[in-house]
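Engineer: Residues per chain, in single letters:
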Amino acid sequence: MRHQSKQALVMMSEPVKLIGCFGSPVVHRAELALRLKGVPYELITEDLNNKSEMLLKHNPVHQKVPVLLHGDRPAICESLVIVEYVDEAFDGPPLMPADPLARAAVRFWASFMDKECRESMWMALWTDGEEQAGAISAAKANLTLIEGQLPEGKRFFGGDTIGFLDIAVSWIAHWMEIFEEIAGVRLLTEEGHPTLYRWAREYTANQTVRLCLPDRDRLLAALAPSREIFVSIAKTMSTQKQYSVCWICNI
Amino acid sequence: MAGGGSNEVKLLGFWPSPYVLRARLALSLKGISYEYIEEDLESKSELLLTSNPVQKAVPVLIHDGKPVCESSIILQYIDEILAGVGPSLLPEDPHDRAMARFWASYINEKLVKALNQTWGGKTEEEKAEGMKQAADAVETLEGALKDCSKGKPFFGGESIGYVDIMLGGLLAWADVREVVKGVKTFDPAKTPLLAMWSDNFGTLDAVKAVMPNIGKLVDYAMVMQPHGAAAAAAAAAAAVAATN
Numbered sequence: 001m002r003h004q005s006k007q008a009l010v011m012m013s014e015p016v017k018l019i020g021c022f023g024s025p026v027v028h029r030a031e032l033a034l035r036l037k038g039v040p041y042e043l044i045t046e047d048l049n050n051k052s053e054m055l056l057k058h059n060p061v062h063q064k065v066p067v068l069l070h071g072d073r074p075a076i077c078e079s080l081v082i083v084e085y086v087d088e089a090f091d092g093p094p095l096m097p098a099d100p101l102a103r104a105a106v107r108f109w110a111s112f113m114d115k116e117c118r119e120s121m122w123m124a125l126w127t128d129g130e131e132q133a134g135a136i137s138a139a140k141a142n143l144t145l146i147e148g149q150l151p152e153g154k155r156f157f158g159g160d161t162i163g164f165l166d167i168a169v170s171w172i173a174h175w176m177e178i179f180e181e182i183a184g185v186r187l188l189t190e191e192g193h194p195t196l197y198r199w200a201r202e203y204t205a206n207q208t209v210r211l212c213l214p215d216r217d218r219l220l221a222a223l224a225p226s227r228e229i230f231v232s233i234a235k236t237m238s239t240q241k242q243y244s245v246c247w248i249c250n251i
Numbered sequence: 001m002a003g004g005g006s007n008e009v010k011l012l013g014f015w016p017s018p019y020v021l022r023a024r025l026a027l028s029l030k031g032i033s034y035e036y037i038e039e040d041l042e043s044k045s046e047l048l049l050t051s052n053p054v055q056k057a058v059p060v061l062i063h064d065g066k067p068v069c070e071s072s073i074i075l076q077y078i079d080e081i082l083a084g085v086g087p088s089l090l091p092e093d094p095h096d097r098a099m100a101r102f103w104a105s106y107i108n109e110k111l112v113k114a115l116n117q118t119w120g121g122k123t124e125e126e127k128a129e130g131m132k133q134a135a136d137a138v139e140t141l142e143g144a145l146k147d148c149s150k151g152k153p154f155f156g157g158e159s160i161g162y163v164d165i166m167l168g169g170l171l172a173w174a175d176v177r178e179v180v181k182g183v184k185t186f187d188p189a190k191t192p193l194l195a196m197w198s199d200n201f202g203t204l205d206a207v208k209a210v211m212p213n214i215g216k217l218v219d220y221a222m223v224m225q226p227h228g229a230a231a232a233a234a235a236a237a238a239a240v241a242a243t244n
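Protein chains in written order, with the numbering used here: chain A, 1 to 251; chain B, 1 to 244.
Bear in mind the hints are in silico, worked out from the structure with no lab data behind them.
It is possible that some hints are incorrect.
Unchecked claim - Reference excerpt, derived from the structure (chain A facing chain B, CB under 10 angstroms, subset only):
(1) H70
(2) R73
(3) C77
(4) E84
(5) V86
(6) A89
(7) F90
(8) R103
(9) A105
Note that beta-carbon positions come from the ideal geometry of N, C-alpha and C, so glycine has one too.
All chains should be built: construct the whole structure from the sequences, respecting the hints.
Structural biologist: Printed below as a string of structure tokens:
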């Protein structure tokens, strides 16, 4: 135990930098993890239209944010990889559950959020006609599945405190409503998903979350002009869907 | 497996699947005995539909009646349940673990998607694009192997780990690709470290025990290719015409 705290002190003493950009839901995941663990960090804000040398150097593979720099260690990329790293490298309340089965479950639902759920919501927002009708049904069904993961009578997916899955699905709590407004489509309603709706309010009201949640109005103003881009992304997703499930077999 | 309970392990699988192979490699490496249940994906079992209602896909690991889905998640689960038994799949150090998770994710997001496109692309252009992206991804992974292995044979170092299995699950199909399309996924001329890695990986007993039969997999690939049957018939007809 002594050795562990000594190592923890060393970890904490090395400076942490997070490369991010305004408004990004995945940067939010990384920031929140750091804040929940009580890790001081320097936030470096990128303009993704004009990527810095620093970003290109530290994430040559994807050239995306967030990127975590901890001391002199090589950069860590991918938001959920960063969240698990922060959870393991630093002391503080655990973000992942302890039980292996529970860990497998939160990883599954986080992956579901980033693949099936995100895709269905995007299609529901930005396609039209029959395709959209189908996508809206699918998106709502996916929200129901996620809602089902909220433990009975608890405020968060993590139970009494915010955990890994809350962080992973945080897009639903804050960004979704903004995109809904731009698209003119409602997916998450109190009537349709009362528990999830309540969770969203709990999440965005949380003091620690608020410290790294982008301002709603500023986000709306930043995103609204890109409507056409969102529509074309949905079109690409539509055609690429055919390879996303391996033709050979499922997953 | 450690702990109480019946410790009964089942794996729902489909023999051609590279993702199922990943799960089998991990179980083999850790020396876990389990019941393997082959699924007919055209007619999915009740057990599969109830164990993975969201995706209705394999592999599914069922441990004491509780399902775990998705190959990357199954691998981590096996590693955590069996911490201390057999070689660790994920490294000890949190930073090394993060790197392993990053590369596992990269393999799925970039390489697997590109390879799927080379097989399933609707046009020759799409297939060619898949080929190019696959080649780029393999080149990137060559660099990753160099960084992660630190001179040892595997991503995991001396013994195979999480990333090795995530990539190794694709090796059977890489062999099929070479036979059917004449393309080496891990070409010694372009990515020498990965070429050596794939040879080393293939010689391990734990790997040989679960690798599917390549000839059988080639037959499967030929049947599944959209124009495979038509092309085979045309070739047969041409052969008959030539001998007449």
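Engineer: Kindly indicate which numbered hints from before are broken by the structure, ordering the numbers from low to high.
Structural biologist: Every hint satisfied by this model.
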